[in-house]
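**Q** The lines below spell out each chain.
There are 2 protein chains.
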Amino acid sequence: MEITENQLIKEFKRFEGQSKAIIRGIGDDGAVVDMAQGPHVFVQDAVVEHIHFEFSLMDPRAVGKKAIYVNASDILSMGALPLYFLVTIGIPEHMSRKDIRSLYSGIMQAAGEFDIRLLGGDTSAAKNDFFIDVSMVGKQTGTDYLGRDKAMEGDLIGVTGWLGESAYGLYLLKNGFHGGKRNRFIQRYVNPKPPLEAWKELVHYNIPVAMMDISDGLIIDLERMMKESRKGAHIYFEQVPIPRDIIRAKKENLALAGGEDYQFLFTFPESRLGLVEEVRKKGFPLSVIGRVVKGRGVKLFNKGQAMKITSKGYEHFGAVS
Amino acid sequence: MEITENQLIKEFKRFEGQSKAIIRGIGDDGAVVDMAQGPHVFVQDAVVEHIHFEFSLMDPRAVGKKAIYVNASDILSMGALPLYFLVTIGIPEHMSRKDIRSLYSGIMQAAGEFDIRLLGGDTSAAKNDFFIDVSMVGKQTGTDYLGRDKAMEGDLIGVTGWLGESAYGLYLLKNGFHGGKRNRFIQRYVNPKPPLEAWKELVHYNIPVAMMDISDGLIIDLERMMKESRKGAHIYFEQVPIPRDIIRAKKENLALAGGEDYQFLFTFPESRLGLVEEVRKKGFPLSVIGRVVKGRGVKLFNKGQAMKITSKGYEHFGAVS
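Line order of the protein sequences matches chains A and B. Residues 1 to 321 in this note's numbering are what the first sequence spells out, letter by letter. Residues 1001 to 1321 in this note's numbering are what the second sequence spells out, letter by letter.
Here chain A stands alone, though its shape is the one from the complex (with noise of 0.2 Å):
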């Protein structure tokens, strides 16, 4: 790499967060913020060369978008609204000032989605790998966080949007499908923006009281959810939200255990089903696809029949608990 730390610097403290909370910003040992008080979301998640994705298969802005909607997915999990980050970043000699320009763009585009202020961090070198790795800092909007150990035996369970475009998008790329990015799946892999507005309405009519989102796919999460919460769950099949195209190349399972949707599942008592279809009608495309029950485990039914869960969705290391 052609460039120097300084340089790097020089360049991101352009991007520099602007609020009057902002006390003292980019250009010193630590950014100094006046924290309102009250309960704040913190969160960290890195996204890895190798692991998390391949350059091949996504563009260095892309990759810089996907940092902040991981960790802007989690804030939004919680309830909380996003509000400051600061970003670790790994560069190995190879990547070019080009890219490294276009991977802060993306950062920058995603962070102005959410309205989320630029704190600072740390550029370094790295030997192979290319990483980056974003800290967010949000604050809860309601009088309680919406967390995984929440859920409440007969509350219901939903989701935002379509599940398995984003694993199915993927399987588009990994098979040479040459679509191009407008393809809807491709770009929701390379483009994993969480429902903002739909999650807006959902907290506007405070319908969640347990929330997550769903990024090791939807099984497996409800899993974590109901492990939390110490319940078990009823999925109706029939009821997940899967895009057509989906069920046509017959891989459902995608659904269930693709992985990287980046929506949201959460629970809610059976009172608020009609705030649900009033964000519906709103054109916010929201699923009920199961319930909250007594005992552990998630079970799977398809029209009252039940089905033997097959894969539970992937873990980064390849082992399945």
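Keep in mind that the hints are not guaranteed to be accurate.
[Unchecked claim] To spell it out: a stretch of chain A is covered by chain B in this simulated footprint if at least three of its residues, at any positions, have a beta carbon under 8 Å from a beta carbon of chain B; those stretches are:
id, segment
1, 27–39
2, 79–86
[To be verified] Here are some, though not all, of the chain A residues that point toward chain B, as calculated from beta-carbon distances under 7 Å:
id, residue
3, F42
4, D45
5, L119
6, A126
7, D129
8, S135
9, M212
10, V279
Simulated from the structure, these hints should not be mistaken for laboratory data. Glycine is no exception: its CB is placed at the ideal position from the N, C-alpha and C atoms.
Please build the complex by placing chain B on the supplied structure of chain A, with the hints as guidance.
**A** Chain B only, in chain A's frame:
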């Protein structure tokens, strides 16, 4: 690596921060923290294999500690007390479970020394290179932050501790010195704990106005401070605290440009010289090494004679500004 992400998260959860302010800790999409009102300092800094260290010279426990120390050092430099941290670890296949445990244990040991609480983070696989990236938040202790932009003309320049120790330790290690880990310099390289007690004294007596930590070398870091403050600095070489062994080995340059000192560099009005003396009398090594002047850049004098600055300290990318 024979260990799953779930297992790692479970092991890590043991170390979860306990505090009344932590409403929800590890186990969800994010941690929820009840923040007090007022200025907080945010930092994020990574330690990357082959760039910042080699496992051949530093064991995993030391690497874990270092990742905490460098971030705590940044927070303290701003005049804030570290409170919380998140940590992302990128673990290559070849790393053993034992090494990962040592790493965790080092992280938590260092966090304990500063009473900093773990909020969460990310455990990811990595293809080739290990990395650890820590984000940390602290609460400003005084009415104003102690930034790099606050040096004032006529103020004196001070440093804590001794300079060049860590760089000389690395030099010894690289040259096959067999004195073992108890050697003062190797110890400082392997275990670069910021001088917390001296910091407390400085802050208690309200001595520093501008402050930063020395991470890339006295001269390059002082240049950065002067640039941010739009001032110049004169350094009196004979007053720079250089250990006798380093002088004997004719490695004085390491005290000016070696880096990784993790001592505090600060400016203060001459009127507080008596307070500096008081802290010194308590047994804390503090040196007054120069003065802030009108103009730009850093000038070096040895007993009144101007010296040429030949090496400015290193940058990780190999280029020097």
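**Q** Would you mind marking each hint as holding or not holding in the structure?
**A** Hints versus structure:
Counting residues of the segment 27–39 of chain A whose C-beta sits closer than 8 Å to any C-beta of chain B gives 13, which meets the bar of three, so the coverage hint holds. For the segment 79–86 of chain A, the proposed coverage by chain B is satisfied: 3 residues have a C-beta within less than 8 Å of a C-beta in that chain, meeting the threshold of three. Residue-level restraint check for A:F42 holds (minimum Cβ-Cβ distance to chain B is 5 Å; threshold 7 Å). At a threshold of 7 Å, the smallest CB-CB gap from A:D45 to chain B is about 5 Å, leaving the interface hint in force.
Contact between A:L119 and chain B, as hinted, is supported at the beta carbon level, the nearest pair being about 5 Å apart and thus within 7 Å. For A:A126, the shortest C-beta to C-beta distance to chain B is roughly 6 Å, which falls under 7 Å, so the interface hint holds. Against a cut-off of 7 Å between C-beta atoms, the interface hint on A:D129 holds, since the closest Cβ of chain B lies about 5 Å away. Look at A:S135: its Cβ gets to within about 4 Å of chain B, closer than 7 Å, so that hint holds up.
About 5 Å separates the beta-carbon of A:M212 from the nearest beta-carbon of chain B, less than 7 Å, and the hint is met. Against a cut-off of 7 Å between C-beta atoms, the interface hint on A:V279 is violated, since the closest Cβ of chain B lies about 21 Å away.
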